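Asker: Using the sequences plus the hints, can you model the full thing?
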Amino acid sequence: MAALRNSFPVRAVRAIARRVSIGLATALLVLLPAAPVPADPPPLAPGYRALTYVPPQPGTYGLPSLGPAADGPIVDSADRDVPLRSLFGDRLVLLSFIYSSCNDVNGCPLAMAVFHQLQARLAAMPGLAGQVRLISLSFDPEHDTPEVIARAQRDASSPAVDWRFLTTRSEAALQPLLTAYQQPVEKERDEQGRLTGQFSHLLRVLLIDRQGDIRNVYTAGVLHADLILADLQTLASGSEPVPASVSAAASALSAADRLRAGDDKTGYADAGYRTRSVAMEQRHGKPADLLAMARKRVAGLPPLPVPADNPLTRDKILLGRKLFYDRRLSLNNTFSCAMCHIPEQGFTSQEQATAIGIEGRTVRRNAPTIYNVAFLDRLFHDGRESTLENQVWGPLLAQNEMANPSVGFVVDKLKGLPDYRGLFEKAFGRPATMETVGQALASYERTLISGASAFDRWHYGQDEAAVSAEAKRGFALFTGKAGCAQCHTLGSTSALFTDQQFHSTGLGYRDSMAREPETQRVQVAPGVAFDVDRSLIGQVAAPKPADLGRYEITQNPADRWQYRTPGLRNVALTAPYMHNGSFGTLEEVVRFYNAGGVPGETLDALIRPLELDDDEIGALVAFLKSLTGSNVEALVLDAYAAPVGDPQ
Amino acid sequence: MKDYKMPPRGTRRSAVNALALAGLVAGAGVPASSYADETCASPYMKKITGQEDYVYVWTLGAEGIGDEQDKLVTVATNPKSPSYGKVVHTLSVGGRNEAHHSDFTDDRQFLWAGGLDTSKIFVFDVRSEPGKPKLVKTITDFVAKSGGVVGPHTMYALPGRMIITGLSNNKDHGGRTALVEYTNAGEYIATHWMPTDSDLQGALKTGKYADGYNYDVRALPRKNLLVTSSFTGWTNYMMDFGKMLADPEAMKRFGNTVVTWDLHTKQPKKVFDVPGAPLEIRCAWGETHDYCFTTTALTSQIWLIHADDKGEWQAKAVADIGDPSKIPLPVDISISNDDTRLWVNSFMDGKTRLFDISNPHKPVQVYEKTIGAQVNMVSSSWDGQRLYYTSSLLANWDKKGQDNEQFLKLYHWDGKELKEQFAIDFYKEKLGRPHQMRFGAYALYAGSNAGAKLADAR
Numbered sequence: 000m001a002a003l004r005n006s007f008p009v010r011a012v013r014a015i016a017r018r019v020s021i022g023l024a025t026a027l028l029v030l031l032p033a034a035p036v037p038a039d040p041p042p043l044a045p046g047y048r049a050l051t052y053v054p055p056q057p058g059t060y061g062l063p064s065l066g067p068a069a070d071g072p073i074v075d076s077a078d079r080d081v082p083l084r085s086l087f088g089d090r091l092v093l094l095s096f097i098y099s100s101c102n103d104v105n106g107c108p109l110a111m112a113v114f115h116q117l118q119a120r121l122a123a124m125p126g127l128a129g130q131v132r133l134i135s136l137s138f139d140p141e142h143d144t145p146e147v148i149a150r151a152q153r154d155a156s157s158p159a160v161d162w163r164f165l166t167t168r169s170e171a172a173l174q175p176l177l178t179a180y181q182q183p184v185e186k187e188r189d190e191q192g193r194l195t196g197q198f199s200h201l202l203r204v205l206l207i208d209r210q211g212d213i214r215n216v217y218t219a220g221v222l223h224a225d226l227i228l229a230d231l232q233t234l235a236s237g238s239e240p241v242p243a244s245v246s247a248a249a250s251a252l253s254a255a256d257r258l259r260a261g262d263d264k265t266g267y268a269d270a271g272y273r274t275r276s277v278a279m280e281q282r283h284g285k286p287a288d289l290l291a292m293a294r295k296r297v298a299g300l301p302p303l304p305v306p307a308d309n310p311l312t313r314d315k316i317l318l319g320r321k322l323f324y325d326r327r328l329s330l331n332n333t334f335s336c337a338m339c340h341i342p343e344q345g346f347t348s349q350e351q352a353t354a355i356g357i358e359g360r361t362v363r364r365n366a367p368t369i370y371n372v373a374f375l376d377r378l379f380h381d382g383r384e385s386t387l388e389n390q391v392w393g394p395l396l397a398q399n400e401m402a403n404p405s406v407g408f409v410v411d412k413l414k415g416l417p418d419y420r421g422l423f424e425k426a427f428g429r430p431a432t433m434e435t436v437g438q439a440l441a442s443y444e445r446t447l448i449s450g451a452s453a454f455d456r457w458h459y460g461q462d463e464a465a466v467s468a469e470a471k472r473g474f475a476l477f478t479g480k481a482g483c484a485q486c487h488t489l490g491s492t493s494a495l496f497t498d499q500q501f502h503s504t505g506l507g508y509r510d511s512m513a514r515e516p517e518t519q520r521v522q523v524a525p526g527v528a529f530d531v532d533r534s535l536i537g538q539v540a541a542p543k544p545a546d547l548g549r550y551e552i553t554q555n556p557a558d559r560w561q562y563r564t565p566g567l568r569n570v571a572l573t574a575p576y577m578h579n580g581s582f583g584t585l586e587e588v589v590r591f592y593n594a595g596g597v598p599g600e601t602l603d604a605l606i607r608p609l610e611l612d613d614d615e616i617g618a619l620v621a622f623l624k625s626l627t628g629s630n631v632e633a634l635v636l637d638a639y640a641a642p643v644g645d646p647q
Numbered sequence: 000m001k002d003y004k005m006p007p008r009g010t011r012r013s014a015v016n017a018l019a020l021a022g023l024v025a026g027a028g029v030p031a032s033s034y035a036d037e038t039c040a041s042p043y044m045k046k047i048t049g050q051e052d053y054v055y056v057w058t059l060g061a062e063g064i065g066d067e068q069d070k071l072v073t074v075a076t077n078p079k080s081p082s083y084g085k086v087v088h089t090l091s092v093g094g095r096n097e098a099h100h101s102d103f104t105d106d107r108q109f110l111w112a113g114g115l116d117t118s119k120i121f122v123f124d125v126r127s128e129p130g131k132p133k134l135v136k137t138i139t140d141f142v143a144k145s146g147g148v149v150g151p152h153t154m155y156a157l158p159g160r161m162i163i164t165g166l167s168n169n170k171d172h173g174g175r176t177a178l179v180e181y182t183n184a185g186e187y188i189a190t191h192w193m194p195t196d197s198d199l200q201g202a203l204k205t206g207k208y209a210d211g212y213n214y215d216v217r218a219l220p221r222k223n224l225l226v227t228s229s230f231t232g233w234t235n236y237m238m239d240f241g242k243m244l245a246d247p248e249a250m251k252r253f254g255n256t257v258v259t260w261d262l263h264t265k266q267p268k269k270v271f272d273v274p275g276a277p278l279e280i281r282c283a284w285g286e287t288h289d290y291c292f293t294t295t296a297l298t299s300q301i302w303l304i305h306a307d308d309k310g311e312w313q314a315k316a317v318a319d320i321g322d323p324s325k326i327p328l329p330v331d332i333s334i335s336n337d338d339t340r341l342w343v344n345s346f347m348d349g350k351t352r353l354f355d356i357s358n359p360h361k362p363v364q365v366y367e368k369t370i371g372a373q374v375n376m377v378s379s380s381w382d383g384q385r386l387y388y389t390s391s392l393l394a395n396w397d398k399k400g401q402d403n404e405q406f407l408k409l410y411h412w413d414g415k416e417l418k419e420q421f422a423i424d425f426y427k428e429k430l431g432r433p434h435q436m437r438f439g440a441y442a443l444y445a446g447s448n449a450g451a452k453l454a455d456a457r
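Chains as they are written, first to last, in numbering that gives the first Met the number 0: chain A, 0 to 647; chain B, 0 to 457.
Simulated from the structure, these hints should not be mistaken for laboratory data. The model shown is predicted, which means the values in this text are computed figures rather than measured ones. Keep in mind that a hint or two might mislead.
[Claimed, not checked] Covered, in the sense of this in silico footprint (three residues per stretch, anywhere, with C-beta under 8 Å from a C-beta of chain B), are these stretches of chain A: (1) 62–74; (2) 344–351; (3) 478–486; (4) 538–551; (5) 575–586.
[Claimed, not checked] Calculated lysine-lysine pairs in the BS3-like style (CA-CA distance at most 30 Å, straight line): (6) A:K414 - B:K136; (7) B:K325 - A:K543; (8) A:K412 - B:K144; (9) B:K144 - A:K414; (10) B:K204 - B:K265; (11) B:K144 - A:K425; (12) B:K136 - A:K412; (13) B:K350 - B:K265; (14) B:K350 - A:K543; (15) B:K399 - A:K543.
Don't be surprised by glycine CBs; every beta carbon is placed ideally from N, CA and C.
Answerer: Dropping the structure here:
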């Protein structure tokens with residue numbers, strides 16, 4: 000049997016020669032032993048034919064590394080033992096695993112045919128040819144002895160192109176190489192279980208750079224001389240584009256673009272909607288000195304309240320920021336505080352009316368913004384917490400938010416994370432504990448203060464040019480006819496636009512008590528919406544959890560459906576609005592109040608029809624838009640600079 | 000088509016022999032007019048053209064059901080097996096990761112299965128014992144390695160590597176995301192972000208949208224084409240379906256684009272408007288059939304991505320699926336081996352519909368059948384005679400109460416009717432929510448138990 004294997008080119012190449020008209024077949028034919036031709040040969044691989052598309056322009060694309068090409072002991076055609084990697088480094092290498100008796104036309108013969116093509120074409124490209132080495136490594140050491148490969152080496156030799164034929168001493172020496180190069184090879188047996196001399200294998204040819212790294216893998220469907228030449232030229236020229244997260248074609252972002260949701264859906268209800276998406280990779284950070292910003296009195300805001308037992312320090316703020324953006328702070332490592340309080344979405348989530356937690360579990364209420372949360376007397380929509388230090392443990396432990404099973408679980412997890420090593424000790428002089436985790440997170444959140452808005456410059460700073468006449472008119476309505484300021488209060492030197500009290504607008508009452516309409520408007524694409532039968536939606540809807548508002552804390556029936564008055568600073572950035580996120584725009588909110596809220600039990604006496612006309616509604620919205628703080632960009636860019644903790 | 004007869008152990012033919020002698024397994028990587036989908040497998044991998052021995056069902060864990068965690072369920076499907084139609088193996092992987100899609104490496108040695116929630120990827124050795132897959136590697140750092148891509152969805156074999164579609168990101172859990180490449184050994188290679196308005200990366204925005212969303216990926220190698228579609232981000236695909244439908248803000252966060260890419264360079268070329276969340280992509284097999292299909296989940300249409308008479312890629316809607324105003328929600332699709340038929344499942348009405356796509360520009364529905372109260376995936380044998388169906392879409396999108404049927408069903412298609420052969424109730428069996436199915440066969444392997452690199456890498 001072995002005596003017949005007197006040359007490396009394989010039997011089935013005769014079949015190729017009969018079926019391929021290109022010149023390489025002739026070159027192969029002279030090397031062929033006699034061989035049977037399959038009666039029903041499979042279609043020829045693309046490598047035997049002209050490429051059906053224009054190959055890529057060399058140097059215009061990247062070939063990222065697939066990792067180092069493995070080493071192993073091999074035998075060259077002079078019967079010398081050498082390490083495979085000794086043939087890497089000085090040239091670009093194309094490495095093919097083949098064996099001499101292969102009769103699969105789209106297997107080893109294809110690799111041989113393409114190498115012959117490359118040999119011929121590289122001969123006309125001396126600059127490139129001198130940088131390339133072709134290697135055909137046998138995975139049949141039993142039959143492809145050094146003598147056999149020496150013959151093949153002589154037959155294939157060309158002064159223009161370095162083509163090496165290699166084998167191994169034994170299957171034991173070969174196997175680690177096959178494993179490392181993910182080259183599964185099985186010996187075939189016939190019906191009687193006898194070895195046929197054939198191997199089942201998936202043809203792989205590897206492109207290896209001068210650093211010994213694999214840069215491409217070709218199998219039968221893509222093994223084509225045109226593509227390989229383009230890749231060789233790309234690597235040889237050194238003009239391969241430097242890997243970059245943002246392409247050279249990226250447009251510069253305006254300040255406004257940086258401050259809005261990168262996936263802005265404004266106008267989505269209209270058929271004319273156009274995307275204005277921002278590349279994730281353009282979300283570049285710029286750290287800010289949050290401590291200095293917090294210590295500075297901000298126009299329009301009262302002095303920052305800081306608890307005596309948790310004074311602000313840089314280390315605490317930085318640690319708190321790291322915790323805030325760390326998705327590992329949840330049971331299954333998917334959920335950070337920032338997944339609901341997204342910096343460029345007003346530190347809330349514009350993508351959902353009411354939030355969801357881990358595993359998509361339903362949260363009943365809209366994620367509130369944490370801008371200026373330091374000034375709030377009571378936290379959460381129902382006011383059930385009073386300090387930030389305590390509040391942070393609510394979401395951390397809530398089964399439908401971050402779902403950590405216990406305080407100890409969080410603390411122990413942090414102690415075990417290498418990137419937290421020493422950080423608590425540096426900030427607090429002691430390790431992570433329930434108290435220090437709360438204090439760190441609270442310290443960061445406390446610095447997210449935002450004032451000095453256009454309104455402040457006008458109202459408190461007497462800069463008449465700071466806001467438009469329409470906004471001024473809106474403010475007059477806000478404090479006058481519309482009565483908004485009765486709950487969204489202002490002081491003589493500062494304004495938080497909240498009375499820190501609880502009121503019912505009727506929205507909660509409606510959610511609990513009103514019958515659901517028979518159909519639900521569902522938008523399925525820009526400008527396309529259907530009225531869908533509620534019964535259909537009911538098939539896929541879990542029962543909606545009840546929400547009774549402040550009553551859940553006080554157990555006083557008078558407090559049913561009351562929610563904390565939110566501050567209005569940065570309100571233009573924090574859609575959707577209300578405790579249930581039921582309004583997507585400020586105009587919708589104003590129109591809701593203009594209509595007098597939802598009549599019903601516990602509706603706040605202050606809420607009544609306002610009889611505002613469209614101009615007045617527009618003026619109120621203009622005023623509300625003047626409340627965006629001057630430091631929003633700094634806070635958002637600082638947030639972008641925070642590391643997002645993911646399992647490493 | 001020859002009947003598959005499993006040879007005695009130790010004398011099983013290798014894949015190449017099967018190709019040359021028995022016609023059981025189609026060769027990998029070579030475009031061929033007669034080669035078929037076997038549920039739309041990558042053209043770079045061997046396909047089972049005879050009888051599959053097993054179906055691997057990537058199954059979501061369900062709270063209150065069995066051990067509540069995701070698992071790979073192996074079902075015997077060879078009628079000659081004494082276990083035909085039975086679960087023969089289950090392998091729990093820990094946690095509910097939102098098990099979703101899975102697929103093989105190009106050498107079909109390993110099955111990669113992704114979790115849309117935790118972004119873990121589980122790699123199973125299906126070669127050593129096809130009836131008893133082994134978990135050999137769990138990739139837990141996909142998000143960190145990829146630069147923030149969340150939700151590994153389609154696992155698609157390219158030569159020596161897997162290309163994986165992401166659905167979301169770790170910054171806002173929205174829909175902007177990327178394609179990610181890994182080696183077959185499970186090492187990260189590269190991230191290719193979807194084109195957005197601020198960085199189209201040289202692609203042409205042909206219409207109004209460039210949302211940066213992603214969902215499925217398919218290749219048409221002879222045209223050097225890669226095609227991607229677009230779904231939605233983590234916030235929506237993890238949300239209770241009913242809650243989401245009633246949330247106008249959430250409903251704005253769906254993909255409306257299909258992107259064509261240069262397959263070799265992985266550079267985006269054109270961004271097409273395909274409104275309403277185009278999901279699965281299936282490319283035709285015929286040598287001259289330069290087109291792929293996708294269906295839109297929300298707008299219930301079949302779209303054709305096709306080369307025009309100048310060779311330029313175009314996209315157009317070619318048919319409605321049911322009554323779009325009722326939102327039947329088309330989900331999985333399966334193209335036949337000769338590009339004449341397309342099965343389209345719709346989740347809400349639990350139906351499978353057969354379209355005649357002989358004229359790809361004018362698909363015509365020719366058959367429909369209700370599979371269950373809900374249905375999601377369909378996987379076809381290469382000859383189109385056996386169709387497997389599973390029920391689960393996403394943990395929080397599945398129907399509630401009585402309608403929450405969770406099954407794997409096999410039907411035979413005789414050209415006129417689907418006839419049920421067996422059904423496995425995945426809740427009664429305490430398994431969970433069955434999702435994607437992939438086929439295994441002894442004919443793919445020579446029967447050796449030789450080790451593989453991934454087995455050592457765990």
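Asker: If a hint holds in the structure, say so; if it doesn't, say that too.
Answerer: Status of each hint after checking the structure:
1. 62–74: That given contact holds, which follows from 4 residues of the segment 62–74 of chain A lying within Cβ reach (below 8 Å) of chain B.
2. 344–351: holds (count 5)
3. 478–486: violated (count 0)
4. 538–551: holds (count 5)
5. 575–586: Our answer is that it holds, as 3 residues pass the Cβ test (under 8 Å) against chain B, meeting three.
6. A:K414 - B:K136: Judged against 30 Å, a Cα distance of about 26 Å means the pair holds.
7. B:K325 - A:K543: This hinted pair holds, its Cα atoms lying about 23 Å apart.
8. A:K412 - B:K144: 21 Å, holds
9. B:K144 - A:K414: Measuring from Cα to Cα gives roughly 23 Å; hence the hint holds.
10. B:K204 - B:K265: 17 Å, holds
11. B:K144 - A:K425: 29 Å, holds
12. B:K136 - A:K412: 23 Å, holds
13. B:K350 - B:K265: Violated - the C-alpha atoms of K265 of chain B and K350 of chain B are around 36 Å apart, more than 30 Å.
14. B:K350 - A:K543: Holds. K350 of chain B to K543 of chain A sits at ~28 Å (cutoff 30 Å).
15. B:K399 - A:K543: 13 Å, holds
The earlier numbered hints that this structure contradicts are 3, 13.
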